[in-house]
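Protein chains in written order, with full-length UniProt numbering: chain A, 1 to 277; chain B, 1 to 277.
Hint data in this document are derived by calculation from the structure and do not stem from the laboratory. Incorrect hints may have been included.
Claimed, not checked - When the alpha-carbon atoms are kept at most 25 angstroms apart in a straight line, the in silico DSS-like pairs for lysine-lysine are as follows:
| id | chain 1 | residue 1 | chain 2 | residue 2 |
| --- | --- | --- | --- | --- |
| 1 | A | Lys102 | B | Lys32 |
| 2 | B | Lys183 | B | Lys24 |
| 3 | B | Lys39 | B | Lys102 |
| 4 | A | Lys33 | A | Lys183 |
| 5 | A | Lys32 | B | Lys183 |
| 6 | A | Lys102 | A | Lys183 |
Computed from a predicted model, the values in this text were never measured in an experiment.
There are 2 protein chains.
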Amino acid sequence: MTDLPSPGAPGRRTITGFSNPLVKFLRSLRDKKHRKREKRFLAEGLRLLTDARESGMLPEMLVMAIGRDPHPLLDELEAAVLSSGGEVVEMDVEILAKVTGKDNPQAVAGVFAEFDTRLAQLDRSAAPIWLVAQALRDPGNLGTMLRTGDAVGAGGLILIDDCADPFSVEAVRASMGAIFTQKLAIARWDEFQSWLRTGPGQLVAASLRDPTDYRQAAYAAPCFLMVGNESQGLPAAYEEACDLRVTIPMLGRADSLNAAVAGAVLAYEALAHLRPN
Amino acid sequence: MTDLPSPGAPGRRTITGFSNPLVKFLRSLRDKKHRKREKRFLAEGLRLLTDARESGMLPEMLVMAIGRDPHPLLDELEAAVLSSGGEVVEMDVEILAKVTGKDNPQAVAGVFAEFDTRLAQLDRSAAPIWLVAQALRDPGNLGTMLRTGDAVGAGGLILIDDCADPFSVEAVRASMGAIFTQKLAIARWDEFQSWLRTGPGQLVAASLRDPTDYRQAAYAAPCFLMVGNESQGLPAAYEEACDLRVTIPMLGRADSLNAAVAGAVLAYEALAHLRPN
Numbered sequence: 001m002t003d004l005p006s007p008g009a010p011g012r013r014t015i016t017g018f019s020n021p022l023v024k025f026l027r028s029l030r031d032k033k034h035r036k037r038e039k040r041f042l043a044e045g046l047r048l049l050t051d052a053r054e055s056g057m058l059p060e061m062l063v064m065a066i067g068r069d070p071h072p073l074l075d076e077l078e079a080a081v082l083s084s085g086g087e088v089v090e091m092d093v094e095i096l097a098k099v100t101g102k103d104n105p106q107a108v109a110g111v112f113a114e115f116d117t118r119l120a121q122l123d124r125s126a127a128p129i130w131l132v133a134q135a136l137r138d139p140g141n142l143g144t145m146l147r148t149g150d151a152v153g154a155g156g157l158i159l160i161d162d163c164a165d166p167f168s169v170e171a172v173r174a175s176m177g178a179i180f181t182q183k184l185a186i187a188r189w190d191e192f193q194s195w196l197r198t199g200p201g202q203l204v205a206a207s208l209r210d211p212t213d214y215r216q217a218a219y220a221a222p223c224f225l226m227v228g229n230e231s232q233g234l235p236a237a238y239e240e241a242c243d244l245r246v247t248i249p250m251l252g253r254a255d256s257l258n259a260a261v262a263g264a265v266l267a268y269e270a271l272a273h274l275r276p277n
Numbered sequence: 001m002t003d004l005p006s007p008g009a010p011g012r013r014t015i016t017g018f019s020n021p022l023v024k025f026l027r028s029l030r031d032k033k034h035r036k037r038e039k040r041f042l043a044e045g046l047r048l049l050t051d052a053r054e055s056g057m058l059p060e061m062l063v064m065a066i067g068r069d070p071h072p073l074l075d076e077l078e079a080a081v082l083s084s085g086g087e088v089v090e091m092d093v094e095i096l097a098k099v100t101g102k103d104n105p106q107a108v109a110g111v112f113a114e115f116d117t118r119l120a121q122l123d124r125s126a127a128p129i130w131l132v133a134q135a136l137r138d139p140g141n142l143g144t145m146l147r148t149g150d151a152v153g154a155g156g157l158i159l160i161d162d163c164a165d166p167f168s169v170e171a172v173r174a175s176m177g178a179i180f181t182q183k184l185a186i187a188r189w190d191e192f193q194s195w196l197r198t199g200p201g202q203l204v205a206a207s208l209r210d211p212t213d214y215r216q217a218a219y220a221a222p223c224f225l226m227v228g229n230e231s232q233g234l235p236a237a238y239e240e241a242c243d244l245r246v247t248i249p250m251l252g253r254a255d256s257l258n259a260a261v262a263g264a265v266l267a268y269e270a271l272a273h274l275r276p277n
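Excised from the complex, chain A in its bound form (with noise of 0.2 angstroms):
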């Protein structure tokens, strides 16, 4: 937030003005180049928000309407974000409505500093199922795959090659709150490869080659499970590096599932079969 007047200066701002430098600085967060340079990205709604908190999650600043109806939980959440030194910035409705692209005087947006996508932070055996998605494209199945893991106590989705931002918005807004959860990494695939070999882990993908039945393959804790690109699916070069290849049934015309879909029936089937009873 290299440009704002007082950045991270504790306290409240009030903001009557389109031309406030701070507007042009929200606004941009909507933008990947933005998000990037300012290493900073929104989350909007109060559920949202309120699910980021319960994680041990508070916004830098966080945005609302002057003259919004008071709701105890965005009353904890001011406090919150206060006593940690943050900042909450209230700006006429309409103000707000250019932030967030919403014309709700309830609408709440919170700016968070994005966490550390690096390898060398993930602890693989905190948890016995990753997810690995490679160039996954849509924001929606990213968010909808942060999600998934979320539900199946993963510990967290590994980017690889080009994917959706998944600190934009759309990629946010999908999770339900998983972004605040689940850990996330983004490398390319020589470089997850070389951290993946340096521990225990067992990679595994769908694949229509082997003819293993997911239902019948044996899993093991931490079990990788990865799914390719939305069109493309994974490259072969990659399904030939995995320790384990499965076929998910296919008994229509078509020979693929979506995504996120895939990545879930894999990541519940594993779990069924990690999962201590």
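Since the structure of chain A is already known, use the hints to place chain B on it.
The following block gives chain B in isolation, referenced to the frame of chain A:
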């Protein structure tokens, strides 16, 4: 297609003016109100149209650009449309871009008659699994459920209450061709209940109220797997009307899965129980 010159006339037509009523008609099919009035929908892309043809469905009208690159699958499609009495319309690439919303000279679109969506046309004995969605609002989720239905060999998708339009361009696209292979029905809850109870059928929902693990449940064909609205889930009364309520483990913070994911996890589990070995 009431206002069109020579509606449905077999043969070829070339359009070079933006003001041609056919251009307006084609653009109007992006809008639900007009689709309902015309009882027609658009499917875009050679892959989708080829899927349709292989499933025995041909567009009444095939629309493409003058001067496009030749493609053998497109040639076959064109011949099939003409020989079935349909129409092939070529237009300037700029006009096509207005129709498809894409600046792609290889774009191709087909106009299809909407299918019969009454419950009465469903043959419940035709498949062991049927998917049911209640108030599903996201066309991507709806299309994804059709795609999953195709994959598990389901008979079709039944849409209860106010769902997204299955004939929207987005839902058709997300179905990856399954709109042409899965049966589709649209009904109010009361109608669906009445129809369901006139024959065999087990109504199943994922629920937090009942502790039957979804892996241990006694699925019975024809099995109707129901998922609820993206933010509200199923109404309590709908859950209570089910023959079987099953629990999908939720090990994280969230208490629900993406609707299309929940449907897929249930559908693949039911398939494993019901599929003849």
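In rising order, the numbers of the hints this structure does not comply with: 2, 5, 6
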